[in-house]
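Keeping the supplied structure of chain A fixed, place chain B upon it in accordance with the hints.
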Amino acid sequence: DAKTTQPNSMESNEEEPVHLPCNHSTISGTDYIHWYRQLPSQGPEYVIHGLTSNVNNRMASLAIAEDRKSSTLILHRATLRDAAVYYCILRDDWGSQGNLIFGKGTKLSVKP
Amino acid sequence: SAVISQKPSRDICQRGTSLTIQCQVDSQVTMMFWYRQQPGQSLTLIATANQGSEATYESGFVIDKFPISRPNLTFSTLTVSNMSPEDSSIYLCSVEEDPDTQYFGPGTRLTVL
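Top line first, the protein sequences correspond to chains A and B.
Numbers in our numbering are just positions in the first sequence, counted from 1, shifted up by 10.
Numbers in our numbering are just positions in the second sequence, counted from 1, shifted up by 1202.
Here chain A stands alone, though its shape is the one from the complex:
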């Protein structure tokens, strides 16, 4: 699986949008971009994933660059509960055994 690069940490104010970047310059054509987050003292939880087009769900939006070498997870209005480590993961779902390769992620702090 290709590697991703994320900032170690980011800060946001409550109720403001947050843009979490991820670089994946060696992404292959069959790699999906997955985002998970890990709240303190909990297991990771799925946030969103996409292949080429931008994606929206109730938790977040995923903006994928046209060349697919980068993507951005967008939290539209950060809450204190969004403070977590966010992981950007590439996964080749074609024939994959399903394992996720976690990097170090971005630790998001949300200030009231």
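If you are wondering where the hints come from, they were derived from the structure by calculation, not from laboratory data.
Just so it is clear, the structure is predicted and the values come from calculations on it, not from any experiment.
Please note: incorrect hints may appear among the correct ones.
Footprint (simulated), chain A over chain B, 3 or more residues, beta carbon under 8 Å [what the hints assert, rightly or not]: (1) 1244–1256; (2) 1303–1312.
Pairs of lysine to aspartate or glutamate residues, derived as EDC-like cross-links and limited to a Cα-Cα distance of at most 20 Å, are as follows [to be verified]: (3) Lys13(A) x Glu1260(B); (4) Lys13(A) x Asp92(A); (5) Lys13(A) x Asp77(A); (6) Lys79(A) x Asp102(A); (7) Lys13(A) x Asp1302(B); (8) Lys114(A) x Glu1260(B); (9) Lys121(A) x Asp92(A); (10) Lys114(A) x Glu55(A); (11) Lys1267(B) x Glu1299(B).
So these bits of chain B aren't anywhere near chain A, every CB distance computed over 10 Å [claimed, not checked]: (12) Ile1265; (13) Arg1272; (14) Thr1281; (15) Asn1284; (16) Ser1296.
For each residue, glycine too, the CB sits at the ideal point set by N, CA and C.
Just chain B, lined up with the frame of chain A:
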């Protein structure tokens, strides 16, 4: 989405002993995974456990140290054998229910003295 529980939630063990961690899912799933998260670190996959076959271990993890059982489609156990302080970690199980999504248990926090 699948709901996953793990037992115990935490434990403190003496070196040289073994601990078996249980993972229970509220639905039948084919693929289950065991991860380790060392203090301050990210998650590392230990093994994939599919029902009806032997677990597949990742590089650096061996069956003698981390034996896994998968007796049915809703349950799995991971044993941490002959423990040392370096085994102090959070151990998490996960399942793949949808083709693209994994659901994680709350983790078992293990401290080895």
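Each hint, compared with the structure:
no.	hint	result
1	1244–1256	holds (count 5)
2	1303–1312	holds (count 7)
3	Lys13(A) x Glu1260(B)	holds, 18 Å
4	Lys13(A) x Asp92(A)	violated, 25 Å
5	Lys13(A) x Asp77(A)	holds, 16 Å
6	Lys79(A) x Asp102(A)	holds, 15 Å
7	Lys13(A) x Asp1302(B)	holds, 19 Å
8	Lys114(A) x Glu1260(B)	holds, 19 Å
9	Lys121(A) x Asp92(A)	holds, 10 Å
10	Lys114(A) x Glu55(A)	holds, 15 Å
11	Lys1267(B) x Glu1299(B)	violated, 28 Å
12	Ile1265	holds, 17 Å
13	Arg1272	holds, 14 Å
14	Thr1281	holds, 20 Å
15	Asn1284	holds, 25 Å
16	Ser1296	violated, 7 Å
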